[in-house]
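Quick note, the sequences are listed as chains S and E, same order. Residues 0 to 100 in numbering that gives the first Met the number 0 are what the first sequence spells out, letter by letter. Residues 0 to 129 in numbering that gives the first Met the number 0 are what the second sequence spells out, letter by letter.
If you are wondering where the hints come from, they were derived from the structure by calculation, not from laboratory data. Here a beta-carbon is modelled for each residue, glycine too, at the ideal position from N, C-alpha and C. Hints may contain errors.
[What the hints assert, rightly or not] Subject to a maximum C-alpha distance of 30 Å in a straight line, what follows is the list of computed DSS-like cross-link-like pairs (lysine-lysine):
id, chain 1, residue 1, chain 2, residue 2
1, S, LYS95, E, LYS42
2, S, LYS95, E, LYS118
3, E, LYS95, S, LYS4
4, E, LYS72, S, LYS52
5, S, LYS11, E, LYS73
6, E, LYS118, S, LYS4
7, S, LYS34, S, LYS95
8, S, LYS34, E, LYS73
9, S, LYS87, E, LYS73
10, E, LYS42, S, LYS52
11, S, LYS11, E, LYS81
12, E, LYS95, S, LYS98
13, S, LYS95, E, LYS73
14, S, LYS11, S, LYS34
15, S, LYS4, E, LYS81
16, S, LYS52, S, LYS98
17, E, LYS95, S, LYS95
18, S, LYS52, S, LYS4
19, S, LYS34, E, LYS81
20, S, LYS98, E, LYS88
21, S, LYS34, S, LYS52
22, E, LYS118, S, LYS11
23, E, LYS118, S, LYS34
24, S, LYS98, S, LYS34
25, S, LYS98, E, LYS42
26, S, LYS87, E, LYS81
27, S, LYS11, S, LYS87
28, S, LYS11, S, LYS98
29, S, LYS11, E, LYS88
[Unchecked claim] According to the in silico footprint, chain E covers these stretches of chain S (three or more CB under 8 Å from chain E):
id, region
30, 12-24
31, 39-51
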Amino acid sequence: MSPIKPPIRFYKEFFERDWDALGEHEQEALTDFLKHLQENPNDPQILASAERKGSYYAYVFRPGWIVYWSLAETEPASMSLLKGSEVKFINILDVKSLKDL
Amino acid sequence: MSAAVKDILRATDIGRSGSSILNQLQWTTAILVAGILSLVFAKSPCWLLILFAVLLTSNLGLFWYAYIYFARKKHEALRSEKFEHDIAKLEQEMEKLQLHARATEIERGSFAEIADATKLTERSKKGKRA
Chain S
0 MSPIKPPIRF YKEFFERDWD ALGEHEQEAL TDFLKHLQEN PNDPQILASA
50 ERKGSYYAYV FRPGWIVYWS LAETEPASMS LLKGSEVKFI NILDVKSLKD
100 L
Chain E
0 MSAAVKDILR ATDIGRSGSS ILNQLQWTTA ILVAGILSLV FAKSPCWLLI
50 LFAVLLTSNL GLFWYAYIYF ARKKHEALRS EKFEHDIAKL EQEMEKLQLH
100 ARATEIERGS FAEIADATKL TERSKKGKRA
């Protein structure tokens, strides 16, 4: 688990268009999911229930709604390979209704 | 199956693109045509040839009726499984491209950042108040 929460970076149109278009329940569900993701971006439980599309992940955060994200990770330092890489940012790439797919 | 028949089937695209709703009728047409040719070569009785010709005509009539009906009422039923598969694959690729474009935009600095996901709740409250 990362000691510091990685910041979340949203695509440009998220707050301009998509966030306000979500219903109250969808906003709450997405917030809860992102809190969980920020606590532990590599949570095996999340990664197991997410669908991996190349270097991106897709997760149904509420029935009928899907969020896509990727993780920007730091390169592991050569002297501390055992420590592994740390998540620097969480990039939210899209939020959409399954009806739009 | 002889090479000539295989070539004809390949040219007509029957059975290669997965099943569409008209696939069975296409196969019946091919079988009846092959049957008529065999009867001609075998010098079979005339009534048998007429029977096959009637069956072929009925089948072609049904094919065109079904084609026009589905083209007007439910045109997606005419698409083959291969076509549906190709479209689904294309959509997946487009989705990946869109995600890749978004990731690139973010890497180039075009993003909105929040340090804590709990801040999202505040944004929604602000939105509701406005």
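| request: Compare the distance between the alpha carbons of LYS11(S) and LYS88(E) with 30 Å, and conclude whether the hinted pair is satisfied. | output: Measuring from Cα to Cα gives roughly 27 Å; hence the hint holds.
| query | When you check the alpha-carbon spacing of LYS11(S) and LYS98(S), does it fall within 30 Å? | reply | holds (22 Å)
| query | Holds or violated: LYS95(E) with LYS98(S), Cα cutoff 30 Å? | reply | Holds, at about 18 Å.
| task | Take a quick look at whether LYS87(S) and LYS81(E) sit within 30 Å of each other, Cα to Cα. | result | Cα-Cα ~42 Å, so violated.
| said: Checking one constraint from the list: CA of LYS42(E) to CA of LYS52(S), max 30 Å. Satisfied? | reply: At roughly 62 Å apart (the allowed maximum being 30 Å), LYS52(S) and LYS42(E) break the hint.
| message | Tell me if the straight-line CA distance from LYS34(S) to LYS52(S) falls inside 30 Å. | response | holds (22 Å)
| query | Does the alpha-carbon distance linking LYS98(S) and LYS34(S) stay inside the 30 Å limit? | reply | Since the Cα atoms of LYS98(S) and LYS34(S) sit roughly 25 Å apart, the hinted pair holds (cutoff 30 Å).
| task | Confirm or reject the coverage of the region 12-24 of chain S by chain E under the rule of 3 or more residues with a beta carbon closer than 8 Å to the chain's beta carbons. | result | Holds, because 5 residues of the region 12-24 of chain S bring their Cβ atoms closer than 8 Å to Cβ atoms of chain E.
| request: Decide if the proposed pair is consistent with the structure: LYS34(S) and LYS95(S), CA atoms, cutoff 30 Å inclusive. | output: Measuring from Cα to Cα gives roughly 19 Å; hence the hint holds.
| said: With the threshold set at 30 Å, check whether the alpha-carbon distance from LYS87(S) to LYS73(E) stays at or below it. | reply: violated (50 Å)
| task | Decide if the proposed pair is consistent with the structure: LYS95(E) and LYS4(S), CA atoms, cutoff 30 Å inclusive. | result | Measuring from Cα to Cα gives roughly 27 Å; hence the hint holds.
| Taking 30 Å as the top limit, are the C-alpha atoms of LYS72(E) and LYS52(S) close enough? | violated (36 Å)
Figure legend: structure checked against the earlier numbered hints; hints not met, in rising order: 1, 4, 5, 8, 9, 10, 11, 15, 19, 25, 26, 31.
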